[in-house]
Every structure is written in structure tokens, then in C-alpha cells.
Amino acid sequence: MADITIHEGAAAPADHGHDDHGHDDHGGAHVTSTGLSNNKLAMWLFLGSECLLFGGLISTYMLYRGRHGGGPGPAQVFDIPLTSVSSFVLLMSSLTMVLAVNSAKRLDDRNTRLWLMATALLGALFVGGQVYEFTAFYQEGLGFTTSLFSSSFFTLTGFHGVHVTLGVVMLIALAAIIGRGRISGDKAEVVEMVGLYWHFVDVVWVVIFTLVYLIPA
Amino acid sequence: MSAVTDTTHDAEHAAEAHDGHHTPSDRHFIIIAGWLALLTALETSTYWIDLGSFATPLLLIMMTIKFFMIILVFMHLKYDSKLFSVMFYIGLGLAILVYSVFLATFQFFAR
Chain A
1 MADITIHEGA AAPADHGHDD HGHDDHGGAH VTSTGLSNNK LAMWLFLGSE
51 CLLFGGLIST YMLYRGRHGG GPGPAQVFDI PLTSVSSFVL LMSSLTMVLA
101 VNSAKRLDDR NTRLWLMATA LLGALFVGGQ VYEFTAFYQE GLGFTTSLFS
151 SSFFTLTGFH GVHVTLGVVM LIALAAIIGR GRISGDKAEV VEMVGLYWHF
201 VDVVWVVIFT LVYLIPA
Chain B
1 MSAVTDTTHD AEHAAEAHDG HHTPSDRHFI IIAGWLALLT ALETSTYWID
51 LGSFATPLLL IMMTIKFFMI ILVFMHLKYD SKLFSVMFYI GLGLAILVYS
101 VFLATFQFFA R
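Protein chains in written order, with the numbering used here: chain A, 1 to 217; chain B, 1 to 111.
Keep in mind that the hints were calculated from the coordinates and are not lab data. These figures come from a predicted structure and were not determined experimentally. Glycine included, each C-beta is placed from N, C-alpha and C at the ideal position. Treat the hints loosely; a few may be bogus.
To be verified - Derived DEER-like restraints, expressed as beta-carbon distance ranges:
id : chain 1 : residue 1 : chain 2 : residue 2 : range
1  : B       : 83        : A       : 79        : 41 to 47 Å
2  : B       : 97        : A       : 32        : 28 to 34 Å
3  : B       : 89        : A       : 166       : 23 to 29 Å
4  : B       : 38        : A       : 70        : 39 to 45 Å
Stated by the list, open to error - Stretch-level coverage of chain B by chain A, calculated; a stretch enters the list once three of its residues show a Cβ under 8 Å from a Cβ in chain A:
id : stretch
5  : 35 to 42
6  : 50 to 61
7  : 70 to 76
8  : 95 to 106
Stated by the list, open to error - With a straight-line Cα cutoff of 25 Å, these simulated SDA-like cross-link-like pairs (lysine to any residue) come out:
id : chain 1 : residue 1 : chain 2 : residue 2
9  : B       : 82        : B       : 42
10 : B       : 82        : A       : 41
11 : B       : 82        : A       : 53
Please model the complete structure; the sequences and the hints are all you need to start from.
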């Protein structure tokens with residue numbers, strides 16, 4: 001059944017060579033019953049499941065944010081100007097990411113790599129800000145086990161930070177792989193998939209920034 | 001028309017042809033990023049400007065606008081197949097439902 005590649009509703013190439021296993025000359029892509037990329041579908045399904053993960057962590061924080069006992073509470077430790085700058089940096093990394101995706105679609109490898117590295121740099125800046133924030137909180141007496149508030153806060157923002165760090169690793173690896181010309185299959189789709197992950201990490205921070213930092217307990 | 005404009009045009013056509021559906025231009029994304037930055041600045045300003053009981057609903061509205069601007073435009077959900085939207089909204093809807101019930105069970109909203 002699977003003998004030609006159809007990509008996102010585009011017409012199938014008529015005379016491109018392909019083997020009996022559903023691969024074509026461009027490498028990698030398969031025919032699907034939906035006519036859509038299975039990889040992309042799986043990525044969206046994964047992001048949907050991530051909503052449940054972060055939903056659980058945010059809800060737990062909302063429940064425990066007032067339970068700080070004798071330890072410092074949100075009003076004492078949060079540095080809103082610093083977090084606002086971090087939020088802005090992460091937001092702008094979404095712009096550089098989308099510019100990387102557009103460059104990849106235009107088959108412009110040089111700009112794709114440039115924007116991917118810019119995104120990775122902005123992501124690394126955000127993670128650096130988070131490490132600084134955690135260190136400052138610890139010095140103010142807010143450790144992971146200090147209170148229910150601190151445990152839920154560090155778990156939520158720590159999980160998000162790990163996601164951003166993984167994203168930075170993926171971006172750097174992708175830029176390197178593109179530079180060496182070692183991507184098999186649809187290069188633009190690979191960039192787009194990493195982009196989807198990155199934007200999701202950003203969109204989760206949009207929610208965390210408002211619910212955790214800006215709305216008073 | 002200058003050669004630069006022609007090149008940009010060609011590049012945009014190439015991008016559109018790549019995935020068979022509308023792909024917004026770089027300029028469009030920069031404008032959206034500008035709006036997102038403005039909304040973030042407005043959100044942050046509520047830390048210094050006391051809006052009383054209006055602050056929380058206003059922040060939630062701005063958060064929702066930013067959320068959908070990113071997923072619809074930056075994540076291309078607006079231009080892509082509806083099936084991708086279904087996959088994501090099922091997870092999002094389930095999360096909102098489950099955790100609203102969870103918080104209600106703990107009488108979070110009664111406080």
C-alpha cells in the first residue's frame with residue numbers, strides 16, 4: 001500500500017524513484033492514512049499529554065502556595081523585575097525559533113542555523129536567570145523542603161527549567177546536524193518539530209509567569 | 001521592484017510550496033512578537049500599579065490572549081490540519097477539566 005510519499009496534502013511526485021518500503025529519494029517520509037505527517041501528529045499528541053503534566057504541577061502549586069509556615073512566602077522572595085526580563089527573553093526566543101522554521105522552509109540552511117543558535121542562546125539566558133533565582137531563594141532561606149510552598153514551587157519551575165534545558169540541547173544538536181548536512185528526510189519538518197516543543201515550553205511559561213508570579217496569593 | 005524584494009518573494013513562495021499551505025511571512029511573526037512583548041509589559045506593570053480586584057481577571061485575560069497567539073500563530077495551529085488542533089485541545093481540555101475538579105475537591109476556590 002505504502003509506495004509513495006505524500007507530504008501535508010502536497011501532490012505526490014510522479015516520477016521520483018522509491019522503493020517497496022515506502023521510502024522515496026528524499027529519504028524517510030511515509031504515506032499515512034491521514035495524509036499528514038505521523039511525526040508531527042505524535043508531537044502534538046505528546047504536547048497534549050504535557051498539558052496534563054504541567055496542569056498537575058501548576059494545580060499543586062496553586063493549592064500549596066499559601067502554606068509556607070514560618071518560612072519565606074512568595075511575597076518575600078519573588079523578584080518580579082528579574083522574572084519579567086526572563087519572560088521577555090523566552091518570549092523573544094519563540095520569535096527566533098519561528099524565523100528558524102521559516103528559513104528551513106525556504107531551504108536557507110545558513111539562516112536556519114543562525115536563528116537556531118540565537119534561540120539556544122536566549123534559552124540558555126533564561127535557564128541562567130532561573131539558576132540565579134534559585135540560588136538567591138536558597139540564600140534567603142527557601143530550600144526545597146522548607147515548606148509545601150517551596151516544594152511545589154521548585155518542582156514546578158524546576159520541571160519547566162529541565163524542559164528548557166533539553167530544548168537548548170536539541171537546538172544546538174539540530175544546528176550542528178544541519179551544519180554537517182546529516183539530516184535524513186524532511187529537514188524543515190525536523191526543525192518545525194523542535195520548534196513546536198520550544199513554543200510549548202514558552203507557552204507553559206506564559207501560564208506560570210501569570211499564575212505563579214503575578215497573581216498574588 | 002528591486003532584486004531584494006524579488007528574492008524575498010521567491011523565498012516566501014518556496015516556503016509556501018514546501019508544506020502546501022499558507023505560511024506567514026517573517027514580518028507577520030515579528031508583528032505578533034511585538035504584541036506579545038507589549039502584553040508582557042502590561043502584565044508586569046500590574047506589579048507596580050494597583051488595580052485592586054480588576055488585576056486578577058485582567059491578568060488571566062492577557063495570559064489567555066498570549067497563550068492562543070503563540071499556539072495559533074507561532075505553532076501554526078491556525079494554518080495546519082484540524083487534526084493537530086484536536087490532538088492538542090483534547091490534552092488541554094482534559095487538563096483544565098481534571099485539575100478544576102481536583103482544586104474544587106480541595107475547596108481551593110472557596111478560600
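Each hint tested on the structure:
Hint check: residue 83/B to residue 79/A, Cβ distance near 42 Å, so the stated range 41 to 47 Å holds. The beta-carbon spacing between residue 97/B and residue 32/A, approximately 30 Å, falls within the hinted interval of 28 to 34 Å. Distance hint check for residue 89/B and residue 166/A: the Cβ-Cβ separation is about 24 Å, which falls inside the suggested range of 23 to 29 Å. Hint check: residue 38/B to residue 70/A, Cβ distance near 40 Å, so the stated range 39 to 45 Å holds.
Beta-carbon proximity to chain A at under 8 Å applies to 3 residues in the stretch 35 to 42 of chain B; the threshold of 3 is reached and the given coverage holds. For the stretch 50 to 61 of chain B, the proposed coverage by chain A is satisfied: 4 residues have a C-beta within less than 8 Å of a C-beta in that chain, meeting the threshold of three. Judged by the Cβ-Cβ criterion of 8 Å, the stretch 70 to 76 of chain B is covered by chain A as claimed, because 5 of its residues qualify and three suffice. Coverage of the stretch 95 to 106 of chain B by chain A holds [criterion: at least 3 residues with CB-CB distance below 8 Å; count 7].
Proximity of residue 82/B to residue 42/B is assessed by CA-CA distance (about 32 Å); at most 25 Å being required, the pair is judged violated. In summary, the hint linking residue 82/B to residue 41/A is supported, as the alpha carbons are separated by about 11 Å, within the 25 Å threshold. Restraint check: the Cα-Cα separation between residue 82/B and residue 53/A comes to about 23 Å, which is no more than 25 Å; the hinted pair holds.
Consistency note: the structure conflicts with earlier hint 9 alone.
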